[in-house]
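**Student:** Now that you have both chains on their own, put them together as the hints suggest.
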Amino acid sequence: MSKIVYVHTGGVNTPERSATPIYLATTAAAMDVEVGIYFTVNGPTLLKKGVPESLIVPKYDGQGAPLRRFIDQALDMGVKFYVCQPSLDLHGLTKDDLIDEVEMIGGAAFNDMALEADQVICF
Amino acid sequence: MTDVPTVDVTLDAKGLLCPMPIVKLAKAVKEMEPSQVILLEATDPGAVPDVAAWAKNTGNPVLHQETVDRVMRFWIQKS
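In order, the protein sequence lines correspond to chains A and B.
Sequential numbering of the first sequence, starting at 1, is according to our numbering.
Sequential numbering of the second sequence, starting at 1, is according to our numbering.
There are no misleading hints in this set.
Lysine-lysine pairs mimicking DSBU-like chemistry, simulated, CA-CA at most 35 angstroms apart:
| id | chain 1 | residue 1 | chain 2 | residue 2 |
| --- | --- | --- | --- | --- |
| 1 | B | Lys24 | A | Lys80 |
| 2 | B | Lys27 | A | Lys3 |
| 3 | A | Lys3 | A | Lys49 |
| 4 | B | Lys14 | A | Lys59 |
| 5 | B | Lys14 | A | Lys3 |
| 6 | B | Lys30 | A | Lys59 |
Simulated DEER-style distance windows between Cβ atoms:
| id | chain 1 | residue 1 | chain 2 | residue 2 | range |
| --- | --- | --- | --- | --- | --- |
| 7 | B | Asp69 | A | Asp97 | 46 to 54 angstroms |
| 8 | B | Thr67 | A | Gly50 | 39 to 47 angstroms |
| 9 | A | Ala108 | B | Pro45 | 37 to 45 angstroms |
Covered stretches of chain B, going by a simulated chain A footprint (3 or more residues, C-beta under 8 angstroms):
| id | segment |
| --- | --- |
| 10 | 22-34 |
| 11 | 54-66 |
Quick caveat, the hints were computed from the structure, so don't treat them as lab data.
All values derive from a computational prediction rather than experimental measurement.
Backbone N, C-alpha and C fix where the C-beta goes; we use that ideal spot for every residue, glycine too.
Isolated chain B (complex conformation) (with noise of 0.2 angstroms):
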């Protein structure tokens, strides 16, 4: 297994549909420092895909994620 990053902040999305995992992670972000990390839970089934298209457009990469049962973690850091 991969090294999990520190995490800084918590944002607990399980049971939230789309858009709202994302909507409540942009505003997260919005709230922290540079460089800090964001652990996201989810379990909207659009999570993977959703996640990774957010990052690309907003620049703050996905470090690590993992999926264990039917919850999605994503580890990211603000650019």
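Chain A on its own, in the form it takes in the complex (with noise of 0.2 angstroms):
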């Protein structure tokens, strides 16, 4: 099976950068694709408990989805979220605030990921 990783950066700050590396994680998991998704730098923020439910992916007409949404279409085809703890102490978070669907790594962790993957895709 093919391996996929993608390294998610942006934050809250960013919504219009939030769904796109998840939707393409998704995308990649339908093609039977083994997908996690690395969120470092700010990508952590998004996993925060609440903000998938209040931060607005944008649409030019207004019409934007929450992005629990495409969070959770990720999830349910098997993409995995990975967080390493130095961009949790960037935003004073602790793996408890975060969603529990995360799983916390390390950058050992990481890096051998992207060693074993086929590609990394960098957000």
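**Tutor:** Okay, structure coming up:
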């Protein structure tokens, strides 16, 4: 099975960048690709409890959808969500502040994941 | 006109945008038996290259496809 890792660095201050890596990951999972998204830099702010429900992914006509919809689609297709500890510290967050579906990994595990993957795609 | 394959399952994805047609297709095909055929109807402008890419990567062949007005139809066999 092919593997892709998406690296998501966009946070709550750039809602227009929040959903794209997630729905590309969802599409990859639908193509029988093993997919993980590594949330780092500002990415973990998207996964703080309550944020996915309140953050609206903008659309030109004002009819944007909450980020939760994209996250649920991804989880439903088997996409794995990873977060690294230092990027939590950057925002004063702990694992308990995040939605439950997130797995914590460190830098070594991320690099190993990148070496094992067929492609790493950064946002 | 080529023979249109017999359909076991029909999936109406008209009006849905990327990535939902492909996500719904993948879910529907998971529920099917090998060699069954699904008819996917879509209006997403990216559907033709998307279905081709999905089929190539999952190994489920597109037996037949046609576009009438803006509706694209794909007959896909579960491998």
